[in-house]
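Enquirer: Here are the chains, one letter per residue:
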Amino acid sequence: MRNRLKNLVLAGVAVLAFSSGLRAQMAQQSEAAKKQTAPVPAHDLSGVWNRYSIPAQKEYINSTYTKEEPAMTPWAKAKYDATKPSNGPRSNPLKQTDDPVLSKCLPPGTPRIYLQPFPVQFVQTPKEVIILFEYDHTVRHIYLDGRPHPADVLPSYMGHSIGKWEGDTLVADTTGFNDKTWLDRDGHQHSDELHVVERFRRVDRDHMRIDITMEDPKALAKPWITQLYFQLKPDWDLMELACTDNAAFEDFEK
Amino acid sequence: MKRIRVACIALFAGLLMFSGVAFAHHGTANYDTTKMVAVKGPVTDFQFINPHVLIALDVKDESGKVVKWQGELTSPNRLTRVGWTKSSIKFGDVITISGYPAKSGSPEIWIQKVVLAGGEELATGGGN
Chain V
4 MRNRLKNLVL AGVAVLAFSS GLRAQMAQQS EAAKKQTAPV PAHDLSGVWN RYSIPAQKEY
64 INSTYTKEEP AMTPWAKAKY DATKPSNGPR SNPLKQTDDP VLSKCLPPGT PRIYLQPFPV
124 QFVQTPKEVI ILFEYDHTVR HIYLDGRPHP ADVLPSYMGH SIGKWEGDTL VADTTGFNDK
184 TWLDRDGHQH SDELHVVERF RRVDRDHMRI DITMEDPKAL AKPWITQLYF QLKPDWDLME
244 LACTDNAAFE DFEK
Chain X
87 MKRIRVACIA LFAGLLMFSG VAFAHHGTAN YDTTKMVAVK GPVTDFQFIN PHVLIALDVK
147 DESGKVVKWQ GELTSPNRLT RVGWTKSSIK FGDVITISGY PAKSGSPEIW IQKVVLAGGE
207 ELATGGGN
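Keeping their order, the protein sequence lines are chains V and X. The numbering of the first sequence is this note's numbering, which starts it at 4 and goes up by one. The numbering of the second sequence is this note's numbering, which starts it at 87 and goes up by one.
Hints were generated in silico from the structure; no laboratory data involved. Don't be surprised by glycine CBs; every beta carbon is placed ideally from N, CA and C. Mixed in with the good hints there might be a few duds.
Among chain X residues calculated to face chain V with C-beta under 8 Å, some are [to be verified]:
| hint | residue |
| --- | --- |
| 1 | G113 |
| 2 | T119 |
| 3 | N163 |
In silico lysine to any residue, SDA-like type, Cα no more than 25 Å apart, as pairs [to be verified]:
| hint | chain 1 | residue 1 | chain 2 | residue 2 |
| --- | --- | --- | --- | --- |
| 4 | V | K107 | X | F134 |
| 5 | V | K87 | X | K176 |
| 6 | X | K126 | X | T182 |
| 7 | V | K98 | X | S190 |
| 8 | V | K98 | V | N249 |
| 9 | X | K176 | X | K199 |
| 10 | V | K61 | X | T119 |
| 11 | X | K189 | X | F132 |
| 12 | V | K236 | X | V153 |
To list a few chain V residues with every Cβ distance to chain X over 12 Å, as calculated [said to hold, decoys possible]:
| hint | residue |
| --- | --- |
| 13 | P44 |
| 14 | A81 |
| 15 | A85 |
| 16 | V156 |
| 17 | D214 |
| 18 | A224 |
Next up, chain X with everything else stripped away, as it sits in the complex (with noise of 0.2 Å):
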């Protein structure tokens, strides 16, 4: 895990830039919101369903190993309010997602901030 190209941000930072983002559906338990990774890679799967908003991506790792990672968002009523739609993320597309880590050590983000391939970031909050 540790060889797998991950951002670590400072907390403060994190809490400073992504505090407005909460789950609409349960609450945080399960991840660690002291810390934030970010991963890149082509998306492998886009589900933009209720209650959460599921991205997953193939992210290599130093030796070139590929692991799954997933993450979530809020629910897509709230993402369809600040513009998103079930089309906003393709299959295939190379993205940045980055957030709080599994409590677990799973490949699991909560994510707070997703940026597209051209550098386009898209809104993760708010609609609420």
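Same shape as in the complex, but just chain V (with noise of 0.2 Å):
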């Protein structure tokens, strides 16, 4: 009896720990799931954003876009070996690297323009939308108005951009590069067959993917394929970084 006793009571006691538990699971769920079912501005973009990294990208987001390496043709992989990149697993001393950003102040590139860690904010007109990013005060254009890419397109670092919505997502198509820039700070390299395209959708009302595909047949043997993630900073402005300012550091270290 003592013991059917001691039971009902530790069941009891069971009980009411794990509904206290569960309440508070329950309320951090309903939380959460309110925050994800916050409208989703539909077809819209605009607003500052900044890259996160997603736990599986933390060793190597910071300067390329796959932990595997991508599938170089020879012609790539030999210019790949040549270089002396500053960030990633061959970083050499900032006197001694060759990348065009911090060698020559060169625009990054598109996509590798997104691996600058800083943030970039979206504007968006009826014609196009607006991609300024807080780095070196680059912008890109994507162009919504239904016009194709330029037969004679001039090379460029940026690229030419065009875009749609499919469904709830944005997708540019990029070409029309030089071959001036790296596809990203380990010194992968592209050719000025370069084509980019990128999706981005807003997850939730905070949050924004973008899938990109990198095709280029004289540089790529497949495409390269990766995803970004990007978090709403409704409270952040764009600041200035201008590159040229990095000269004066190139005799900082010794």
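Combine both chains into one complex, guided by the hints.
Expert: Structure follows, in structure tokens:
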């Protein structure tokens, strides 16, 4: 009898403990659910966004897109092997790097610009999505007005971008690159035949995912695919960051 | 150099505590990330500039000789977003900086931690 009473009391305590834990868990879940179900503005990416890394990306995303090496053509592999990057596993001192962004202040190119760890601002008009990058006043225009890429496009660092909405996703197609930039901070190479497709999607009000596919028949033996993650920063403004200021720093490290 | 009061902290603890703080501009080849050092002294220079915020300290070694140490942080943009301003540190403030030492043996630190005279610690990461 006494044992039965003890068991009952224990069971009661367990139920109480479980239900209070459950209540806390449910409250947390409902908070998370509320955030996730907050209305996502349709066809609107405007705002200041900051890239963050998911846990699986932490060891490489500061300098490249995937843990595995991309499938490089022999041409690209030879060029890659000759590079002296500052970032990533083959890091060289600043004075010795031949990274075009660090040694010449060249614009980083698309999609490398996203690896520069600074926020971006999306501005939308009916005609285009404008992406303002904090890094070195860099700008991209993604035209939404139905125009094609120009037949005789002038090669540029950031490329020529056209886009359209597919459901809740903005799909941007970019070509017309020059071959002066690297694909990433590790020194992976591309040619002027680089073709980049980006799929921008707000997964909830505060988070955006960009699925990126890089194709380059001269440099990549197969497409290089990655995902980048951004968080909305309603309280942030873009600041100034001028690459030319870097020159004054070169003599700092000895 | 050995006589300078330098506190060496184990790699493991260092990595666990500070692995989130990365450079925005360049890589880390200049620094030995397997070691941590800490130095304390009055601030002789504080430049809140791109691409990296710079701090210099006068650090006395055991014989009383003053050695000028310099340290670099991430960009002012990132530090601004975790609460810094160009007045967060003033000339003459006695502060402690700790982080990874230069491989060359020069008195330089890639700063991972800043502690002000009153014990207040300034965030050196985040903002991104």
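Enquirer: Within 25 Å, alpha carbon to alpha carbon, are K126 of chain X and T182 of chain X?
Expert: Holds, at roughly 4 Å.
Enquirer: If we take the beta carbon of A85 of chain V, is the closest beta carbon in chain X still more than 12 Å away?
Expert: holds, 17 Å
Enquirer: Less than 8 Å between beta-carbons is the criterion; does N163 of chain X satisfy it with respect to chain V?
Expert: Holds - the Cβ of N163 of chain X comes within 8 Å of chain V, reaching about 5 Å at its closest.
Enquirer: Given the hinted pair K107 of chain V and F134 of chain X, is their alpha-carbon gap at most 25 Å?
Expert: Status holds; Cα separation ~23 Å.
Enquirer: Does the nearest C-beta of chain V fall within a distance shorter than 8 Å of the C-beta of T119 of chain X?
Expert: With a minimum Cβ separation of about 10 Å from chain V (threshold 8 Å), the hint on T119 of chain X is violated.
Enquirer: Is the Cβ of V156 of chain V farther than 12 Å from every Cβ of chain X?
Expert: holds, 31 Å
Enquirer: Could you grab the alpha-carbon distance between K176 of chain X and K199 of chain X and see if it respects the 25 Å cut-off?
Expert: Cα-Cα ~17 Å, so holds.
Enquirer: What's the verdict on K98 of chain V and S190 of chain X, does the C-alpha distance respect the 25 Å limit or exceed it?
Expert: Since the Cα atoms of K98 of chain V and S190 of chain X sit roughly 14 Å apart, the hinted pair holds (cutoff 25 Å).
Enquirer: K189 of chain X and F132 of chain X: Cα distance at most 25 Å?
Expert: At roughly 23 Å apart (the allowed maximum being 25 Å), F132 of chain X and K189 of chain X satisfy the hint.
Enquirer: Quick one: work out the minimum CB distance from A81 of chain V to chain X and report holds if it exceeds 12 Å, violated otherwise.
Expert: Answer for A81 of chain V: holds, closest chain X Cβ roughly 22 Å.
Enquirer: Does K87 of chain V pair with K176 of chain X here, judged by a C-alpha cut-off of 25 Å?
Expert: violated, 38 Å
Enquirer: Tell me if G113 of chain X is really an interface residue toward chain V, meaning its C-beta lies closer than 8 Å to one of theirs.
Expert: Holds - the Cβ of G113 of chain X comes within 8 Å of chain V, reaching about 4 Å at its closest.
Comparing the model with each numbered hint stated earlier shows that hints 2, 5, 12 do not hold.
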